[in-house]
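Participant: All chains should be modelled from the sequences, with the hints used to inform the complete structure.
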Amino acid sequence: MRALLLFLTLAFPVWAGEVPPGPFTEPECLGCHEGYLAKAHGGCIGCHGDRHGQLPQVRKSQACIACHDGPAARSHQTSKHGVIETLEGRRWDWSKPLAEANQRAPACAYCHRPHGRADKEAVCLDCHSPRFVATVAESAKRSLEIGHLKLEEGRAVGGDPAALEKSFSALSFGLAHHSPDFQWWYGHAALDGDLIRLKAAVTRQRRFRP
Amino acid sequence: MSRALILLLLVASSALAGMPDDPKGVGLYGKLWKPDPIHEYWDPGAYHRPERERVEGTFTGAECVDCHAGATPGIVNDWKASRHATPSAGKAAVACDGCHGTDHQALRFPTPADCGSCHADQHGQMRAERRHGFPSHALAMERAVDARHFVDKPKAEVAACLQCHSVATKCDSCHTRHRFDAAEARRPEACLTCHSGPPHPDDEAFFASAHGKRYLADGQDWDWSKPLRKGNYPVPTCAYCHMAEGKHQVADKAIWKFGLREVNPLSAENQVKRKRWVELCADCHDKDQSAAWLKEMDGERKKSWAMLYRAEDILRKLRSDDLLSPSPKDRPAYPVDWWEKHWPRARIGAVEGQASAFYNVSGIERSHFEMWYFDNLRAYKGAAHGASSLVEEGHKGMGVALEAIAAEAAELRRLGREGRSFDPAPLWKHGPYTDLNRERN
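Residue numbers (the numbering used here), protein chains in the order written: chain A, 1 to 210; chain B, 1 to 441.
Calculated from the structure, these hints are not laboratory results.
This structure is a prediction, so every number in the text was calculated from the model and none was measured.
For each residue, glycine too, the CB sits at the ideal point set by N, CA and C.
It is possible that some hints are incorrect.
[Unchecked claim] Pair by pair, the computed Cβ-Cβ distance ranges are:
# : chain 1 : residue 1 : chain 2 : residue 2 : range
1 : B       : Ala71     : A       : Lys141    : 18 to 28 Å
2 : A       : Gln57     : B       : Pro344    : 53 to 63 Å
3 : A       : Lys141    : B       : Ala410    : 42 to 52 Å
Facilitator: Structure, rendered in structure tokens:
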């Protein structure tokens, strides 16, 4: 009985329809929103701000790009998902949860759930057919395997192992975010160039007579 | 026993994908490759066959929507917001069955011909674009699958190419499915999924131009439902110039085309095209000013090609003195060329086929490739769009590349005279990726 009274007292502002205005500190957020784990971001305020009413803004890709502004952002922005969000996002209802195609294209958080893992292939099914999703995923896996072979070839040549990292990372982002440019020009074609430069350096070294 | 059978049938039926049982490559070298399963989605006309689905029966559009509102809500939302669902006065609505058919065991995957059954003008324009040759959108897929490096490389690697080149084989590249909104296609972002990146920084060139800067300032507030015509937009965006008045052709006015070869911009054919450009610019600008801008671009191209020819010259001299390292016989053969067995040679410049010689080539050849494909094309797109920053960056890049090529050539000459002997073949002909590429393709 006492537990019930305690609960009712604490919950009163909420079920009475009043949301406290804030601003809040991190512990105060978690005091009510107990179940949320800030995955890898270490906190609520960095994304959500320190008071209520920010949630719609946080769902947009812009909220993530503020920090993740490199190939992660660019590969999404140049994909059709990103383009559609750029062109139409202003008119979408961001007060709706990121699920069930409430928005026409996935923003970052639609697939990357900061508060817990999402099955990244399952979210695709909100808009795409299961066979398409499976085929794209399989094809991406094969493309990435080929990228790994190029990395292996780079290691076998010797020289700077980091030389292929940037291009491999671009390939991964390109596959994950469906950007053909990042898959090809910044990815596979760039890896080919990196391998040539590695091999050329070794060839020069071996031929060099001091 | 029966449960195992049902399970087997389910597994087997889901494996019966839309591709034909023994899919073959298409195009010039079709006999030499087999498509990756993803290829069905990028060229449905060539590869889609009706597949065995788990749902049986025939359905009307309304019945499709009933199910798919739960199964694939994104598609249904898009369609409901489209003009197919609520057309303008006097037109009939087009529901799922209109494009995909009614038989769930024989679903159609719409091709441009399907769209053309109603959108005859646009489809006809696209088909007619073929006669303009490269770089028409209509020929893009054939262009991709006929590229030697496409044929040579593992198909999962070059699946990336199919995505952009599917502009030829699907109608949803610019006005995406299932909204198919012309307003979306009119905006520059619709183009940049493909028209961005090192060999075609078209998006950067546009956004850095005066036109682009004005678009970035308030373009999101313009009425994009308006046709691409004089007076409707304060500045042009991609489609305004390249698909003027909504004509579904991009190659009809192309003079410099991709930018990979020098052309005579004053040939009879190009004079006609120049006039058409000047007339288009005259929607807003003075004709003499527009003609002067075109001439400026001629000058920029001349300057770029002078540098490129000097680089080609250096490489050709190395080639004839047999100083390239590795030499062509010490590295995998140029793809898909039976000459290579008898006469392996380095390929330098567009005419010799260098487009496919960006891998399995020596360092200096790759340096030249990047000067030609990245720095040169950056300057080109900058000049074409009035973005001087890209012109400067491109020319500076070409200058740096030319110096590096000259230095590399000098070193190759020195190594040729004084260097130790070293057999490069094991390094260049083998490796985890190289072996896969040579064995499988």
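Participant: Given the range 53 to 63 Å, decide if the beta-carbon distance of glutamine 57/A to proline 344/B lies inside it.
Facilitator: For proline 344/B against glutamine 57/A, whose Cβ atoms are near 60 Å apart, the range 53 to 63 Å holds.
Participant: Honestly, do alanine 71/B and lysine 141/A meet the 18 to 28 Å range at C-beta?
Facilitator: 25 Å, holds
Participant: Mind checking the hinted window 42 to 52 Å against the Cβ distance between lysine 141/A and alanine 410/B?
Facilitator: 45 Å, holds
The structure shown violates none of the earlier numbered hints.
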